[in-house]
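Student: Residue numbers (our numbering), protein chains in the order written: chain H, 260 to 814; chain F, 260 to 814.
Misleading hints may appear alongside valid ones.
Stated by the list, open to error - Computed from the model, here is a short list of chain H residues facing chain F with C-beta under 7 Å:
hint: 1; residue: D656
hint: 2; residue: T657
hint: 3; residue: V715
hint: 4; residue: V733
hint: 5; residue: S747
Simulated from the structure, these hints should not be mistaken for laboratory data.
Glycine included, each C-beta is placed from N, C-alpha and C at the ideal position.
Number of protein chains: 2
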Amino acid sequence: MTELNFSNEELVFVPVGGATGVGMNCFAYGLNGKWLVVDCGIGFPDDNLPGVDCLLPDPQFLSEHKADIVGLVITHAHEDHIGAIPYLWHDLQCPIYCTAFAKELIEHKLMEAGLLGRTEVHTVSQGDVIELPPFEIEFVKMTHSIPEPNALAIRTKAGLVVHTGDWRFEEKSASESTTDYETLKELGKEGVLAVVCDSTNTSEEKVHANEADVQATLTKLIGEHPHSKIAVGCFASNVVRMQSIYQAAKANNRVVCLLGRSLWRIDAAARATGYFKDIPEFLSEQEALELPSNQVLYICTGSQGERHSALNNLTSMMPTPNQVSFGAGDVVIFSSSVIPGNEKAIDLLQKKLRSKGIQIITEKTELVHISGHYAGEDLKKMYNLLKPHIVLPVHGDTYELNCHTQMAKEMGIPFAIGLNDGQVISLKETPEIVGEIPSGILAVDGNQIIPLNAEVLKKRRKMMDEGTAVLTLVVDQNAQVVGMPQLSTFGLIPDDDEAIKGELGQAISKSLAEIAPERVGEDNLIKDKMRHVVRVFLKEHFGKKPLLEVHLIRV
Amino acid sequence: MTELNFSNEELVFVPVGGATGVGMNCFAYGLNGKWLVVDCGIGFPDDNLPGVDCLLPDPQFLSEHKADIVGLVITHAHEDHIGAIPYLWHDLQCPIYCTAFAKELIEHKLMEAGLLGRTEVHTVSQGDVIELPPFEIEFVKMTHSIPEPNALAIRTKAGLVVHTGDWRFEEKSASESTTDYETLKELGKEGVLAVVCDSTNTSEEKVHANEADVQATLTKLIGEHPHSKIAVGCFASNVVRMQSIYQAAKANNRVVCLLGRSLWRIDAAARATGYFKDIPEFLSEQEALELPSNQVLYICTGSQGERHSALNNLTSMMPTPNQVSFGAGDVVIFSSSVIPGNEKAIDLLQKKLRSKGIQIITEKTELVHISGHYAGEDLKKMYNLLKPHIVLPVHGDTYELNCHTQMAKEMGIPFAIGLNDGQVISLKETPEIVGEIPSGILAVDGNQIIPLNAEVLKKRRKMMDEGTAVLTLVVDQNAQVVGMPQLSTFGLIPDDDEAIKGELGQAISKSLAEIAPERVGEDNLIKDKMRHVVRVFLKEHFGKKPLLEVHLIRV
Chain H
260 MTELNFSNEE LVFVPVGGAT GVGMNCFAYG LNGKWLVVDC GIGFPDDNLP
310 GVDCLLPDPQ FLSEHKADIV GLVITHAHED HIGAIPYLWH DLQCPIYCTA
360 FAKELIEHKL MEAGLLGRTE VHTVSQGDVI ELPPFEIEFV KMTHSIPEPN
410 ALAIRTKAGL VVHTGDWRFE EKSASESTTD YETLKELGKE GVLAVVCDST
460 NTSEEKVHAN EADVQATLTK LIGEHPHSKI AVGCFASNVV RMQSIYQAAK
510 ANNRVVCLLG RSLWRIDAAA RATGYFKDIP EFLSEQEALE LPSNQVLYIC
560 TGSQGERHSA LNNLTSMMPT PNQVSFGAGD VVIFSSSVIP GNEKAIDLLQ
610 KKLRSKGIQI ITEKTELVHI SGHYAGEDLK KMYNLLKPHI VLPVHGDTYE
660 LNCHTQMAKE MGIPFAIGLN DGQVISLKET PEIVGEIPSG ILAVDGNQII
710 PLNAEVLKKR RKMMDEGTAV LTLVVDQNAQ VVGMPQLSTF GLIPDDDEAI
760 KGELGQAISK SLAEIAPERV GEDNLIKDKM RHVVRVFLKE HFGKKPLLEV
810 HLIRV
Chain F
260 MTELNFSNEE LVFVPVGGAT GVGMNCFAYG LNGKWLVVDC GIGFPDDNLP
310 GVDCLLPDPQ FLSEHKADIV GLVITHAHED HIGAIPYLWH DLQCPIYCTA
360 FAKELIEHKL MEAGLLGRTE VHTVSQGDVI ELPPFEIEFV KMTHSIPEPN
410 ALAIRTKAGL VVHTGDWRFE EKSASESTTD YETLKELGKE GVLAVVCDST
460 NTSEEKVHAN EADVQATLTK LIGEHPHSKI AVGCFASNVV RMQSIYQAAK
510 ANNRVVCLLG RSLWRIDAAA RATGYFKDIP EFLSEQEALE LPSNQVLYIC
560 TGSQGERHSA LNNLTSMMPT PNQVSFGAGD VVIFSSSVIP GNEKAIDLLQ
610 KKLRSKGIQI ITEKTELVHI SGHYAGEDLK KMYNLLKPHI VLPVHGDTYE
660 LNCHTQMAKE MGIPFAIGLN DGQVISLKET PEIVGEIPSG ILAVDGNQII
710 PLNAEVLKKR RKMMDEGTAV LTLVVDQNAQ VVGMPQLSTF GLIPDDDEAI
760 KGELGQAISK SLAEIAPERV GEDNLIKDKM RHVVRVFLKE HFGKKPLLEV
810 HLIRV
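Let the hints inform the model, and build the full structure from the sequences given.
Tutor: What follows is the structure in structure tokens.
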């Protein structure tokens, strides 16, 4: 058990994951020996973690306190806020509280993991207050790039904390869902001890446009290409954007076809929870192909350059008859941003599209996307509403987190503190870091969950550069080779290069012949010699140092 | 031999590499059956090419026309313009023409490749004209982030082409080297048939500051931290920046220490060719450690987040006594930009530095870097000077190339044409694409040069996600196992997990026992069965499908 040094009456906050960086959002609030968990998201592996599917916050601390967790409350349904639930379910085993839209997506995940029956998922409406003593949680309607985003007003005897989740402000919206400014203002009057706040775009100075402006731009752009096939790439979970695209298509007498599985999944979740009421069913690819191509608008997955996505399929040189095909004069609109790390993949996709003569329109030149996160001035506005005593920036890269702390200080907020994952802070008049819980990152690798420093990951990094090799040698008691030595290499020698294997075979025989007669019984000696021969040979021929093993078998 | 369809009198241009994208700059001009090659650079592999050191333009066409190549002329000494020379030397075997600084770096490369004695490298001064009939080439002084950058004015009977190389304009410079505007203007008067022009930052609207402003900012920033250790990260080849940093350090009574091999290599080349005349020898790390730390300024490699670089070493938790150590209150200035693709590595480095309490200053908030490439208005200025008939944008991502073409068209330039690698264009009143040469990309992989679609690269991509495995089985003529089966996996099973190997051993024995007595002599049957057993076992236990081989040996 982790020992922490604070009294039962203190309200503490600890980022289990997500304090620095983007992803793995998972936060815990402690009071009177009870814990409230907010969000449980995955992170995305970079190229140093080959084969890893996604990242998880280390649940050790939560697992140790499982019996004292009063609930998991979800701010919104993005993967970096809900994606870890099925993986960490056994460590939490507590009821989940979220809005209807988030519930649809969470239950889909639980179903796929065979956990659906065993989990209580409670629907909470935006504006509702739930009691999870010693915490009372009010869901405050916010604006973000997914339906039903919430800030959580967490009331306790020790004070009120506002946990913003991901958010932006928007004056006029394309949808009915906008921020509940009134409640935020009331919270400010009530007195906010601390705000735990999104930092994604803090350094951006430009005030954002509104979703309605995006819709207007899309309408205009579609109108400018009356004879072209048009596809719009967007983030699948951006339901409001799908609505904007639908309206823009409709204004140009085009019907909408969805291309890509994740769009259809979101469509199902949206319709199940009351969205898209006035929007007819979207067309499938087959249905769309039966219409004149300038009467259709395609919404596509793959705006981040993903290899097996709908936008990438448009670049196919040999489309099947059941597949829509774009060509010279057609238009692809990227109604999305570039997520850091995806620059090259996106450029490659756009290059392929352009080489087919397809015109590309992006947010660089047209207002076809707005971020789901606030720009600089919005943050000031938020703090003017909430007037917090303490600000705890989370969710952003190092630079943005720093800007956030800086800005809060400049606004005269008494405390602005950047925490690391695992640091426990007591939220009080003079906040204080009171300890550290075990924290870290786990990797989902195939069907294993392994630590980031696992030996297999280190090996995989080496072998992806240097290859692997296994030499099998059967020898008798006099170290005479029985049968043929066999060598398998991976990522090194082309399969058909028998000449090079023959050459290696000779080097092996030569080396074996050099063993002194009195030492022919020493397996380790033979193995070492063989390792050396193969290593030198491969280094010389390929300039590579593969991971190498020798299977020596005596008969 | 490649057949091309143009007359002997036509002047043609073909990008061998570097037409779209950044890297692998290599261009050829053809006239009267002769070829002039400009630049010969490498490209940088992305994460889909694990183990690949660098990329090369496919030299097949050049190799076929080796006898007719009049020379290789180098615009400037960046890796993407000279790095491929040692690899493609055998395909070119022509004299090289470049400035003294570029010669230093090229000869260092040739020396390392054992090619120094066999290669003519001629020094050309900026402003000089060389005759390589039917081409006459004038080296025109430009400004870029490396010493001695040149545009090439290529005069032929068929017209004058200006090949800009990489460039920016600068009004007042920190060094003596600035653009030769007069000559550019004269070329415009002479009449420019075509310009082949850098596109890197075309879409950037903001007019750049000057290097002198960077120096002033650095001087101010260093002065603001009189008691701190200070390190400045910069691109090693940016000699002018090293001068600016030196001057800024000197103004604050600090001496400069270089950390990182590539900085020392550039220092040697710079001093050998007359740069740094007024700058005393830089300190080594050892020498610097003997001084009070606030009398030293460290220039470091690693501003792109490279793992084994000087800046990364500063984050070391256990520095040796011979290693400078930074900590709380110290300052690291990133006097560099973020090269696309490096975002995550840089963020990780900055996070590590910050977690040690080190303050980070970047170009986001202070004028500590300017690009070596022009911003939008400069391009207009260039075309107003040169008044070209044809513009051929090269060297930039898809978006920038497109902006470039667009801007040239808006300026009323008659022809602005985006070529792909290999496309041959005849430069004349009405330019025309007259054919295509074989082109493509090769990968330097260890000491092999292989095509990008090589099977080994595909395998390496698979094994970096899924691992590899080899099972060795020695059996007698009745398919009875002799000795113990041996299994090696790479990137799958932790080495110490003997239990799982035992379990697999049982599955193997069970499967062997199922073989019908009349088929025990069939090697392929046994191999297939073994492959199946191991595959199912690993998929079940690890969720992975490794590359797999079975070594079956009969005794």
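Student: Please go over all the hints and tell whether each is borne out by the structure.
Tutor: Against the structure, the hints:
1. The restraint placing D656/H at the interface with chain F holds, with a minimum CB-CB distance near 5 Å, inside the 7 Å limit.
2. Interface hint status for T657/H: upheld, as the beta-carbon distance to the closest one in chain F is roughly 5 Å, under 7 Å.
3. The beta carbon of V715/H is positioned within 7 Å of a beta carbon in chain F (closest approach about 5 Å), and the interface hint is therefore held.
4. Evaluation of the V733/H hint against chain F yields a held restraint, the C-beta minimum of about 5 Å falling below 7 Å.
5. Taking 7 Å as the C-beta contact cut-off toward chain F, the hint placing S747/H at the interface holds, the least distance being around 4 Å.
This entry satisfies every hint, going by the numbered hints stated previously.
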